[in-house]
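J.: The residues making up each chain are set out below.
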Amino acid sequence: MTDPAPGLFAQNRLSRRRFLQFSAVGAGTVAVSPYLSRLEAFAAPPVANDQGILVTIQLSGGNDGLNMVVPAGDATYAALRPTLKITNGLPIGSGCALHPSLVKTKSRFDQGNVAIVRGVGYQPPDLSHFTSTDIWMHGWGGSGTPTTGWAGRFLDGLPNTTQESLYGVSLHGNVNPHLNGAVAHPSSLPLSIGDAFGVDRSDPSFARMFDAVASFGNGASGLGSLGDTYDTTAMELVQLTQRVRPAYSFPRQSTDIRQQLVLAAHLINANLGIRVVDTSLGGFDTHSDQAGSHAQLLSHLDGAIAAFFSTLAPRWRGQVAMMTFSEFGRRPAENGDGGTDHGAASPLLVIGDRVRGGLHGAQPSLTDLDGDGDLKPSVDFRAVYATVLDTWLRADDREVLGQTYSPLSLFSAPPSAPPPGTPHASSAGYWLAGPGGGIHGFGVATKFGSLSRVDKPIVAGASTHTHHGLWLCGTDGGIFSFGDARFHGSMGGRRLDKPIVAMAGTPSGKGYWLCASDGGIFCFGDAKYRGSMGGRHLDKPIVAMMSTPSGRGYWLCASDGGMFCFGDAKFRGSMGGRRLDKPIVAMAATPTGKGYWLCASDGGMFSFGDARYHGSKVRTTAPVCGVARTTTGNGYWITARDGMVAAFGDAPTLGRVHANTAILVRA
Amino acid sequence: MPQPADIAHLLRRAGFGGTANQIASLAAQPWATTVDQLLDFSSAPADTAPAFLSDAGLEDWEKEYKLQHWWLDRMATTTTPLQEKLTLFWHGHFATANSKVTNTVLMYRQNALFRAMAAGSFRDLVQQMSLQPAMLIWLDNESNTKGHPNENFARELMELFTLGVNEYTQADVVAAARAWTGHNTLDGDRTQYHFYLSRHDTNPKTFMGVTQNWDGPDILNFLLRDDATHKQIASRFIAKKMWTFFAYPDPETSLVATLGDAFLAADLSITALARAIFVNPEFLSTRAKQGLVRSPAEWLVACMRAVGITAGDANPQWWMEAMGQQLFEPPDVSGWRSNDYWLTTSRVWARANWAGYLVWQNDLQNTLSSIVSMTVADAVQHAFDVMGIDSPSAHTRSKLAAWLTSQRGDTNAWRNWTFINLLTLVMLTPEMNLA
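Quick note, the sequences are listed as chains A and B, same order.
Residue numbers 1 to 667, in this note's numbering, belong to the letters of the first sequence in order.
Residue numbers 1 to 435, in this note's numbering, belong to the letters of the second sequence in order.
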């Protein structure tokens, strides 16, 4: 396939009216009365399959681009950076190397999903943080100075933009100038929501109070434009609460930028109409002791970008691009403090599945510096914007930027959802858990941290089927709950005759059963008791358990393939009386409840009722220990003790671990 | 005699709001007398370093939030509120963050300097501030040495602290950086300033076209004392910024010139500039009265004062970052912005979250309990009175009345929700959130 030129996508571009607002010297700005236009509720349409979403990451303070994308092969570099030179960079070709903190970004680069644009800046450079940040954010190449920002002018052109505050969102508190349009009004969302104001409307008195705050925005405040703005903001926060809260059910992340980017991914997954998400990481003004602090900042950035993409639902990966930017780079010659002073041109990263990975733009010369000793730009930052606007956001870049810039070839294809027939990648996911409490999420499964210690080995698990909730159970019946899975009780502290070996969640996600090896059943939450093997003789121990789709029954399965049915669980056959080479270790039921699979430790699969066989050849010598079907029931994953995961039928390959593994739980 | 509404406006801007009694008594005397009384800091409570700063059992982060509490409480209870407002202004102007300084004792010393110099000279303030370890560490001058100049402090001193952007060249930054070499912290003790002659660049430097052996303090004396051109630039730069803090942003050039000239005529006396702002007729314009949003610190203090709670009980430190303003942690060296900066959805949300929390602290939920026997109109007026809202808009009044009528109509609701939720609501009115 040949790569289309950027201009090829231009015929799809939207044609729009634009509202530009300028501050002429001495003239007042046009007052827009926001409350007038926002009286009727409007929610953005879902993002269409061919629309692009942009995530910006501001590296605030002036990122030392020379140590992020290192001209490792240039002898002058080492001379200019006697103490700060990076000697253990990750080679990316053309004599360049990435900072060693950017390990995950490096593998993304190797996969062809990271465009590194070198030498980005403008002439003449301004060395003030604040002036240069404004220049980048205004992104204007025409005459005069706009009061609006380049992304805001894109948002201005979206349908009903005056009524929709989720087209553009900031996740760092500030709504920075680049998001400001003449009529668009992006919102700023908190990093966590918890029991925040407006969330819990279950008590009418509280719902009434929230609505009273919202009512401030209904009509003129009588206190001038700031009063109007305050009132409409108060109204918006109450209205936004209910719209955005589903995106917040994920655990607290380890760094602020990671929290921002994981939230960004969840907001995109929720399909609220968001087109631009702004995030920010500060601390790059490294005038002194740069080595350690810069390494840490880039490490946080690296981890956050990886967390973003692993949280982003596969369905969106073809429609999201990420771009970093910073107000300037830093001076090539280090100062005497183990730091660097304000500089000029610097590289930036554009990341995504539709990005044309590799090096773009010429590396500025280290021997031909400007009068201040700074790098001369080879790419105008507005040329990067023009490319993003034209190719990715399908906007009229000349209109937004006030000038025509030669586009770069930063994208291999325009934004597009995965082609139909891509097997369930958007909704598929699972967790692998080890006996010691290690937890790894794949696909849509929320990433939870591993347990630091467990008293007894983890043997069983269940999920709430929201992708965000997981229970794990130890042999002692101890329960660990994650995400939206609530704790409903455990066998902790109670004596068990036999160890717990299996568990099943109820369809509501509000309860679970635990099953001991002797067939004893323990019910929690809304899980109802439907009978057990307690007191009855078993030839072989129980090893697996599944709930029926209604939750009004369950199957227990013994290691010899014997099946025991309770409640509305129907018998569809068993291995009882048939010789097995290896014991049964796991089971899965079909979505209809009219069939099930039994899985043996050598990977042998036995299907009953409407369960179809999709294969079972596994490439490992380790014993198989778990099975889970896909949501359709037209496929399944099998996992083994060594962390191997094999996918069959419509189950997508989502990944494995190299660690001791006990169970696989579908998200 | 002045109008009570004007006095109320003055007390909100030059302090954290006044009571009905204060407003009535000050309305009975000339405006200038009131301004002079506000500028008289002789009755200020003693400013001694709080004991917890030397408590070896506390981590620095614990000391930091205690220091935030200490200052918020001082703002809420002081007899010289304008002195605290000026201290807050200088904190935003010489914006220094403990995240880098990592020593609350040094942050306190800087804070005490801002307070002590509230009635002093701007030039003296900058000179002393420049040599305090908090600033030496914050902008890296502690390691600015001969042969290895660090431009960080030299640049911001001109761009953000004295002149404004575009009033100097990069060559001036380089020369000034060399002039400030050797003004470091003491080796082995970063809490002490020390001048190392051996690390000072004594070679000639060309700064603003003048070639001589410049020393750091000479740079400031040149800009703020000896060179009339730059002294005027500085006087207008500071005048504009202080007007923006007390009245509204983006004042007309002519107004800035008037204020700057008064500042200049008083040889950069800070109280002279503040007086010029408060006695200017423009201060009482509608544009000024509707021109500012309360910063989170100002709003918190106004709420704490109204309901009589200390920061130790109100725990604002859990919400101030989300509100956008953590004291002693400005976001960067340019400090906080104003107005729309505070009005993003997430920041107003944080105010709402704190208000929702506050009403449960120390039986505050009974603050408005007397409204149960009042008419709706009286109850709403009572809530305004308690919060010190002297002239609420008809709009806000009608929204609160509509809510209270509806809440009272819900016979299943717990009766106390009326006065508990009214307290939350009145803290979230635009009147309470505008300055």
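If you're looking for bench data, these hints aren't it; they were derived computationally from the structure.
Warning: the hint list may mix true and false statements.
As the list claims (entries may be wrong) - As a list, the in silico DSSO-like pairs of lysine-lysine whose alpha-carbon atoms are at most 30 Å apart:
1) B:Lys-146 to A:Lys-104
2) B:Lys-146 to A:Lys-376
3) A:Lys-528 to A:Lys-456
4) A:Lys-85 to A:Lys-104
5) A:Lys-447 to A:Lys-582
6) A:Lys-498 to A:Lys-540
7) B:Lys-240 to B:Lys-146
8) A:Lys-510 to A:Lys-582
9) A:Lys-85 to B:Lys-146
10) A:Lys-617 to A:Lys-594
11) B:Lys-100 to A:Lys-85
12) A:Lys-570 to A:Lys-582
J.: Given the hint that A:Lys-85 pairs with A:Lys-104, does the C-alpha gap stay at or below 30 Å?
T.: holds (21 Å)
J.: B:Lys-100 and A:Lys-85: Cα distance at most 30 Å?
T.: Holds. B:Lys-100 to A:Lys-85 sits at ~24 Å (cutoff 30 Å).
J.: Given the hint that A:Lys-510 pairs with A:Lys-582, does the C-alpha gap stay at or below 30 Å?
T.: violated (35 Å)
J.: Does B:Lys-146 pair with A:Lys-376 here, judged by a C-alpha cut-off of 30 Å?
T.: holds (28 Å)
J.: Against the 30 Å threshold, does the CA-CA distance of A:Lys-447 and A:Lys-582 hold or violate the hint?
T.: violated (33 Å)
J.: Is the straight-line distance between the alpha-carbon of A:Lys-85 and that of B:Lys-146 30 Å or less?
T.: holds (22 Å)
J.: For the pair we were handed, A:Lys-498 and A:Lys-540, check the Cα-Cα distance against 30 Å.
T.: holds (13 Å)
J.: So if I understand the rule, the pair passes when the alpha-carbon distance is 30 Å or less; does B:Lys-240 with B:Lys-146 pass?
T.: The given pair, whose Cα atoms are some 36 Å apart, is violated under the 30 Å limit.
J.: Within a Cα-Cα threshold of 30 Å, do B:Lys-146 and A:Lys-104 meet the stated pairing?
T.: violated (41 Å)
J.: Quickly compare the C-alpha distance for A:Lys-570 and A:Lys-582 to 30 Å and report which way the hint goes.
T.: Cα-Cα ~25 Å, so holds.
J.: Does A:Lys-594 sit within 30 Å of A:Lys-617, going by the straight-line distance between their CA atoms?
T.: Judged against 30 Å, a Cα distance of about 25 Å means the pair holds.
J.: Hey, A:Lys-528 versus A:Lys-456, does the alpha-carbon distance stay inside 30 Å?
T.: Holds, at roughly 26 Å.
Hint violations for this structure: numbers 1, 5, 7 and 8, all remaining hints satisfied.
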